[in-house]
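Protein chains: 2
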Amino acid sequence: MVSVGSISAEIDRHRDAVEEALEEFVQQRLAGSEAPAMRLAGDILLAGGKRYRPVISILAYEAAGGVDTSEVMNLALAGEIIHTATLVHDDIYDQSKVRRGKPTLHTSSGLPHAIIAGDYLFALGFGLGGRHEDQVVERVAQACGRIATGELQQLEHIGNLATTPEDYYSIVDGKTAFPFASVCWGAAVLAKAPEETVSALELFGMEFGRAFQMVDDLLDLTGEPSMGKPRGTDVHDGKMTLPLIHALTMLHGVEREQLADVLQNFSNERWEELTELLNAAESFDYVTQLIENHVERAMDALESIPRTKARDLMVDLVRISQSRRD
Amino acid sequence: MVSVGSISAEIDRHRDAVEEALEEFVQQRLAGSEAPAMRLAGDILLAGGKRYRPVISILAYEAAGGVDTSEVMNLALAGEIIHTATLVHDDIYDQSKVRRGKPTLHTSSGLPHAIIAGDYLFALGFGLGGRHEDQVVERVAQACGRIATGELQQLEHIGNLATTPEDYYSIVDGKTAFPFASVCWGAAVLAKAPEETVSALELFGMEFGRAFQMVDDLLDLTGEPSMGKPRGTDVHDGKMTLPLIHALTMLHGVEREQLADVLQNFSNERWEELTELLNAAESFDYVTQLIENHVERAMDALESIPRTKARDLMVDLVRISQSRRD
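Each protein sequence line maps, in turn, to chains A and B.
This note's numbering numbers the first residue of the first sequence as 194 and each following residue consecutively.
This note's numbering numbers the first residue of the second sequence as 194 and each following residue consecutively.
Hints are all accurate, no fakes.
No copy labels: a pair is met if it fits in one copy or bridges any two.
Distance condition first, Cα-Cα at most 35 Å in a straight line; then the derived DSBU-like pairs of lysine-lysine:
no.	residue 1	residue 2
1	Lys432	Lys290
2	Lys295	Lys432
3	Lys385	Lys243
4	Lys243	Lys502
5	Lys502	Lys385
6	Lys295	Lys243
7	Lys290	Lys243
8	Lys243	Lys432
Rather than coming from a laboratory, the hints here were simulated on the basis of the structure.
Turn these sequences into a full structure, and let the hints steer you where they fit.
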């Protein structure tokens, strides 16, 4: 087992490579005919996301036996850029004011600019993804279709207290798990890995993606505002995340009615009330256990491929992501 | 020369083939996991656009010597679907209420749904465009980047009476001419045409696209509301189209001041005043002449490739488009 310091350094090295490639990609376009669009979209792209998607994609490529990471970089960047495109558009209809520590694009530049900047980022992502073989290109497009479908299902369930765990999984799989699975799958395909390795890494991505989104949803309820992520935005937006769905199922009588009332008439003053109800329903424990289950399944999927340094780093990244605070 | 009836029938046959392929494409997705997204996006896609982009792409493929039109259909549909995606998003920030005779998506389903539906259409278009060879895929992505850039430039010039003809051309080239050029270029590449033919068809698309957009902009000022297209929306939106730019340059003194006032404080009551000023500046004649110039250049480009039935139909389609009323 490597020490935490060196784990972190290894992962940071991959993150830096992504950052550098993104920076170069942006600079190239700032010098060309797309400069007006890139001036708008470049800031948010370089505003320092945590780059889980591209890093996991590069590690999956290495774990699948790939040797020249420049082969997977376009796919890795495509995943990050398309993710950023969805963030820009999400922020519009979630009416979010801050993203990655900066004012959201629609706040600083207005709705039309934010819509177009997102569209431009989609085009950039597709352009990069499109530099690969047909099956990878199709998978990128398919993942985008699934993201849109997941987002729509999420909208349909806004404020709907009857949302089921199945609905939740369908949303998470579309928005997050399938995209994670797609960049891992694509990385393995680009590494020309055998079919079993491709499937194992795809499954890994799916399970890691589910765990990743559930941690996100949990942090929305438990995160410390001081860590940079505003707390409770999902509740304000009426998004039915798993802790809420679980508590609505487990509580009965007066408590169930109180929870429904809190969710339907939420304000920051009712934060403690909500937390107490979720604790009473043991919803935090339940979701924490489910996250661990998905992480375990992700680890099991990795077990089926040969042990390499990259595979070890994937394990570490999953654990880092699981215990993240923002 | 064929009779107008049979020209129209030949072009209609191509349009019907596009319509049928689009219909099948939508139906397939209504049956799969993307059904929620396609239920939202399918209506606008099948709401009967005039399909200039896909039809010209198929004709360009045939004129370039292609024999199996199924080879170009994905590119042709990609062009139409991406165009529809931009319309859905444009309608949001132009605050348009009606499109293709139906309520716009954001009017009927709300802003979030319209943003996501547009994103989904982009993903579909890229997925189709992505089924082609690398250079075509890259060109599709590049065209989307140019569309975004053109839209942004248009936004930057909203209400700006100092907008120059160069600004106007830069906007039109990004939004319309380059996408037209791209589907013609791509069609010729797919037909494995020689380099000169590819370049000739690309140039044709560029010039046709310019003429096409200028007709659109002219119709906004001269169209009869009874033809289905609401009149004056560009003026209401503050979009600086070429007739306005020309008139602002040609008029002086009191008339120039009056025109500036009309544009800055436009209402439907000032319609006649605006028309008189544009007539005084001979702006309609000027733009009509420019359209004819671009059409002539498009025709010249076609002259350099062998005469075929498809080439004749392209000539006819350009003329039909030039004299369209809506």
